[in-house]
Amino acid sequence: DTGVSQDPRHKITKRGQNVTFRCDPISEHNRLYWYRQTLGQGPEFLTYFQNEAQLEKSRLLSDRFSAERPKGSFSTLEIQRTEQGDSAMYLCASSRGLAGATTQETQYFGPGTRLLVL
Amino acid sequence: GESVGLHLPTLSVQEGDNSIINCAYSNSASDYFIWYKQESGKGPQFIIDIRSNMDKRQGQRVTVLLNKTVKHLSLQIAATQPGDSAVYFCAENMGRRALTFGSGTRLQVQP
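The listed protein sequences derive, respectively, from chains A and B. Under the numbering used here, the first residue of the first sequence carries the number 1, and numbering increases by one thereafter. Under the numbering used here, the first residue of the second sequence carries the number 119, and numbering increases by one thereafter.
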C-alpha cells in the first residue's frame with residue numbers, strides 16, 4: 001500500500017500528558033497537511049508543509065501544538081499538556097505540488113489518529 | 119464568516135437509484151472544489167474534484183456539477199450501491215492551499 005500512513009491509529013492519554021503522532025505521506029509528495037476532525041464535523045485545517053518548510057498555520061494551532069517535517073518526508077504533530085478538548089481525529093494528507101504552479105492539487109488523506117484525552 | 123455548507127444532513131436512497139448531494143459555498147475566491155467520501159473510522163477518500171474553469175466533470179459513476187452563478191456544487195452518484203453508504207464532504211480551497219470542509223451529508227442506501 002503506497003497511501004498516506006499514520007501512527008498510532010488510536011491513542012488514549014490522561015489530561016496533561018504529551019502525545020506525538022507521525023504521518024508518512026505518499027512517496028514523492030512534497031506537500032503535507034494536518035487536519036483535525038471532531039465527531040459529526042468536517043476536517044479543520046491545522047497546518048501545512050511544503051518540503052520541510054511550514055508555510056501556514058491555522059488559528060486552531062495553539063502554542064501547545066507543534067508540527068515538524070525535518071527532512072521533508074515524514075511529519076510529526078506533538079500536543080503538549082493535553083486537554084479534554086483535544087480529543088479528536090487527527091488527519092494527515094499529502095499532495096504533489098508542482099514548482100511554480102498556482103493551481104490546487106488533490107490532497108490524499110491517511111486513516112487518521114484518534115485521540116482520546118481522559 | 120464564509121463557509122462551505124450542505125443542504126441536507128442525511129439522504130436516504132434505494133439501491134440502484136441515483137443520488138444527488140448538494141453543497142453551497144460562499145467564498146468567491148475559491149477556484150477548486152473537491153468531494154470526499156468518509157466511512158466510519160476511516161480517513162476521507164477522494165472521489166472527484168473540479169476547478170472553477172469547468173462546470174461539469176465526470177468520473178466512474180460520479181459527476182460533479184459546479185454552478186458559479188449561484189455558488190452551488192453537487193455530486194451525483196449513478197446506480198447507488200450499498201457500498202456507497204458513507205458521509206460525503208464537499209470542500210473548497212478559498213484561494214489557499216488548505217481545504218475548508220462542510221459538515222457532511224450522510225448517505226444511506228436502502229437494499
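Hints in this document: simulated from the structure, not taken from any laboratory. Don't take each hint at face value.
Stated by the list, open to error - Cβ-Cβ distance ranges computed for the label pairs, FRET-style:
# : chain 1 : residue 1 : chain 2 : residue 2 : range
1 : A       : 52        : B       : 174       : 21 to 29 Å
2 : A       : 84        : B       : 170       : 37 to 45 Å
3 : A       : 56        : B       : 226       : 31 to 39 Å
What the hints assert, rightly or not - Partial list, computed: chain B residues near chain A (C-beta under 8 Å):
# : residue
4 : 150
5 : 160
6 : 164
7 : 207
8 : 219
9 : 220
Here a beta-carbon is modelled for each residue, glycine too, at the ideal position from N, C-alpha and C.
Now for the hints, and whether the structure bears them out:
Taking the beta carbon of each, residue 52(A) and residue 174(B) are about 39 Å apart, not inside 21 to 29 Å as hinted. In this structure the supplied range 37 to 45 Å holds for residue 84(A) paired with residue 170(B), their Cβ-Cβ distance being about 40 Å. The hint said 31 to 39 Å for the Cβ distance between residue 56(A) and residue 226(B), and at roughly 36 Å that hint holds. The beta carbon of residue 150(B) is positioned within 8 Å of a beta carbon in chain A (closest approach about 4 Å), and the interface hint is therefore held.
About 6 Å separates the beta-carbon of residue 160(B) from the nearest beta-carbon of chain A, less than 8 Å, and the hint is met. Taken as an interface hint, residue 164(B) checks out: its beta carbon lies about 6 Å from the nearest beta carbon of chain A, inside 8 Å. The interface hint given for residue 207(B) is met, as the beta carbon of that residue sits about 5 Å from the closest beta carbon of chain A, less than 8 Å. The beta carbon of residue 219(B) comes within 3 Å of a beta carbon in chain A, closer than 8 Å, and the hint placing it at the interface holds.
Against a cut-off of 8 Å between C-beta atoms, the interface hint on residue 220(B) holds, since the closest Cβ of chain A lies about 5 Å away.
In summary, the one numbered hint that this structure violates is 1.
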